[in-house]
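Asker: Chain order of the listed sequences is V and F. Residue numbers for the first sequence follow the numbering used here, so the first one is 1 and each next one is one higher. Residue numbers for the second sequence follow the numbering used here, so the first one is 1001 and each next one is one higher.
One thing to keep in mind: the hints can contain errors.
Claimed, not checked - Think about it this way: if two alpha-carbon atoms lie no more than 30 Å apart in a straight line, the pair counts; the simulated DSS-like pairs of lysine-lysine are: (1) Lys1082(F) x Lys1034(F); (2) Lys1082(F) x Lys1041(F); (3) Lys1080(F) x Lys27(V); (4) Lys1080(F) x Lys1034(F); (5) Lys27(V) x Lys1082(F); (6) Lys1041(F) x Lys1080(F).
What the hints assert, rightly or not - Chain V stretches covered by chain F per the calculated footprint, using a threshold of three residues with CB under 8 Å from any CB of chain F: (7) 27-39; (8) 90-104; (9) 190-200.
As the list claims (entries may be wrong) - Beta-carbon label-pair distances, calculated as ranges: (10) Gly23(V) x Asp1021(F): 34 to 42 Å; (11) Gly147(V) x Gly1083(F): 27 to 35 Å; (12) Gly1083(F) x Arg20(V): 50 to 58 Å; (13) Cys49(V) x Arg1030(F): 46 to 54 Å; (14) Ala227(V) x Asp1021(F): 51 to 59 Å; (15) Trp132(V) x Arg1077(F): 50 to 58 Å; (16) Asn1078(F) x Ala227(V): 41 to 49 Å; (17) Gln30(V) x Ala1081(F): 39 to 47 Å; (18) Arg1016(F) x Leu15(V): 50 to 58 Å; (19) Ser123(V) x Asp1039(F): 44 to 52 Å; (20) Val188(V) x Ala1081(F): 27 to 35 Å; (21) Arg1030(F) x Arg20(V): 47 to 55 Å; (22) Trp132(V) x Leu1037(F): 52 to 60 Å; (23) Gln30(V) x Asp1039(F): 58 to 66 Å.
These are computed hints drawn from the structure, not numbers from a lab. Every residue gets a Cβ at the ideal spot worked out from N, C-alpha and C, and that includes glycine.
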Amino acid sequence: MIGIGGIGAFFVVGLLVSLRLLGLWHKTRQLPELTAALGLLGIGPLGFCVLMGGPILVPGTPLAHLFFVTGLALQGLGFLAASVFTWRVFRPGAPWARAFPIAMAAGLAVALVGYAVVPSGGSHWHLHLDIWLKVACLAWGAAESLGYWRVTRRRVALGFADALVSASFLCWGIALSAGALGFLGIYVAVLALPPGEHLGAGVEVALSLCGMVSAAALFLAFLPPKAYARWLATRSPTAEAQS
Amino acid sequence: MADSAVFDFVSEELERTTNLDRMEARGTLRLLLKQALFDSKTLNVSQMQMVIDRLLAAHLCRCGVENPESVCEGLTRNLKAKGFGPSVAESPDEIFGRMLRRPEATPLGSESPPSK
């Protein structure tokens, strides 16, 4: 229950941001808006809600496993969208970046089959494949965004970039990093847990913290309050020069 | 990876409208792009326009080019008339700027919310 606070905040902010981006996509019809929205929706609110729906609504029945696999499939689609976003925004001309979503989707599909057919308590190969691909997807996006933030931060100092847009790269990178850490935390916890045991309070607090950091960073990245935007603007050299 | 079409176009225009030769024109643009931390391979129209607006005239003046202001105006006019449009990829700045619902936000930074 401890973990609900941070994860809940991530769900709410993820839902708000993805709905806003879907609304924006409705106007612009551009791929980045659509993929970011579907990525957030699939990885966050939609995927996790279906994943958790089984144990809550139909615990211990075959339907629970169906919920679980369906949730993973939705989450996989979210990760596919997120990797397309990273490719399209940061590496549109790189063939390897174009290949990444395809390879990841194939790997996640194989892992999904593993979840569906391998009995619980058996080999964990599908878990390894699933989590590492998801962590790689989030880490790649985070690295690209944080790397681009470093460049734009210097451009802001020279008056060649927008301070708010630059900060959104930092926030998006932090949100993805927190997400990657959260998935790694789940991975380590699941591997360390004896079968049938629940996650410990420490793990739940750590996951909640990741969710909270991710939610706060997402909020600042895509729903920046006016006071925050003003604060960033006053820190930029162009504003200092005008004052 | 080759230089972007925008870079090639403007360097050719710069060569055509000034006394700079091909190497000098391209070298001038590369120098200014480096100052602004832009990459000639991924350069798009808005980034090029920023360099023309903010750096090029002063640099041409220092190089002894005649009428640098009118050269820059001509480059701006021809760059717009060329209409690169969607064939040139958007920069991450432009995409994130749009996603922040700030369609006016360009990498210039001049469209930041007014500071009080």
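Asker: Next, verify each hint and record whether it holds.
Answerer: Hints and how they fare:
1. For the hint pairing Lys1082(F) with Lys1034(F), the CA-to-CA distance comes to about 24 Å; that is within 30 Å, so the pair holds.
2. Distance hint between Lys1082(F) and Lys1041(F) is fulfilled; the C-alpha atoms sit about 18 Å from each other, no more than 30 Å.
3. Taken as a hint, the Lys1080(F) and Lys27(V) pair is honoured in the structure, with Cα atoms around 25 Å apart against an allowance of 30 Å.
4. Between the alpha carbons of Lys1080(F) and Lys1034(F) the distance comes to roughly 23 Å, so the proposed pair stays at or under 30 Å and holds.
5. For the given pair, Lys27(V) sits about 26 Å from Lys1082(F) by alpha-carbon distance, which is consistent with the 30 Å threshold.
6. Restraint check for Lys1041(F) and Lys1080(F): the C-alpha separation of about 20 Å stays at or below 30 Å, so the hint holds.
7. Coverage of a stretch by a chain is defined here by at least three residues with a beta carbon nearer than 8 Å to that chain's beta carbons; for the segment 27-39 of chain V and chain F the count is 5, and the condition holds.
8. Proximity of the segment 90-104 of chain V to chain F, defined as three or more residues with a beta carbon under 8 Å from a beta carbon of that chain, is established by the 3 residues found.
9. Given as covered by chain F, the segment 190-200 of chain V fails the check, having 0 residues with a CB less than 8 Å from a CB of that chain where 3 are the minimum.
10. At roughly 52 Å, the beta-carbon separation of Gly23(V) and Asp1021(F) lies outside the given 34 to 42 Å, and the hint is violated.
11. Checking the proposed 27 to 35 Å range against Gly147(V) and Gly1083(F) shows it holds: the Cβ atoms sit about 31 Å from each other.
12. Remark: the range hint 50 to 58 Å for Gly1083(F) to Arg20(V) is contradicted by a beta-carbon distance near 31 Å.
13. Checking the proposed 46 to 54 Å range against Cys49(V) and Arg1030(F) shows it holds: the Cβ atoms sit about 52 Å from each other.
14. Distance hint check: the CB atoms of Ala227(V) and Asp1021(F) are about 53 Å apart, consistent with the given range 51 to 59 Å.
15. The supplied range of 50 to 58 Å is met by Trp132(V) and Arg1077(F), whose beta-carbon atoms lie about 53 Å from each other.
16. Separation of Asn1078(F) from Ala227(V) is about 42 Å and conforms to the stated range, judged on CB atoms against 41 to 49 Å.
17. For Gln30(V) paired with Ala1081(F), a C-beta distance near 25 Å fails the hint of 39 to 47 Å.
18. Distance hint for Arg1016(F) and Leu15(V): a CB-CB separation of about 54 Å, consistent with the stated range 50 to 58 Å.
19. Separation of Ser123(V) from Asp1039(F) is about 46 Å and conforms to the stated range, judged on CB atoms against 44 to 52 Å.
20. Restraint check, Val188(V) to Ala1081(F): a C-beta distance of roughly 59 Å breaks the suggested window 27 to 35 Å.
21. Checked against the hint of 47 to 55 Å, the C-beta distance between Arg1030(F) and Arg20(V) comes to roughly 40 Å, which is inconsistent with it.
22. In this structure the supplied range 52 to 60 Å is violated for Trp132(V) paired with Leu1037(F), their Cβ-Cβ distance being about 34 Å.
23. Between Gln30(V) and Asp1039(F) the CB atoms are about 22 Å apart, so this pair departs from the stated range of 58 to 66 Å.
When the structure is compared with the earlier hints, violations turn up for hints 9, 10, 12, 17, 20, 21, 22 and 23 and for no others.
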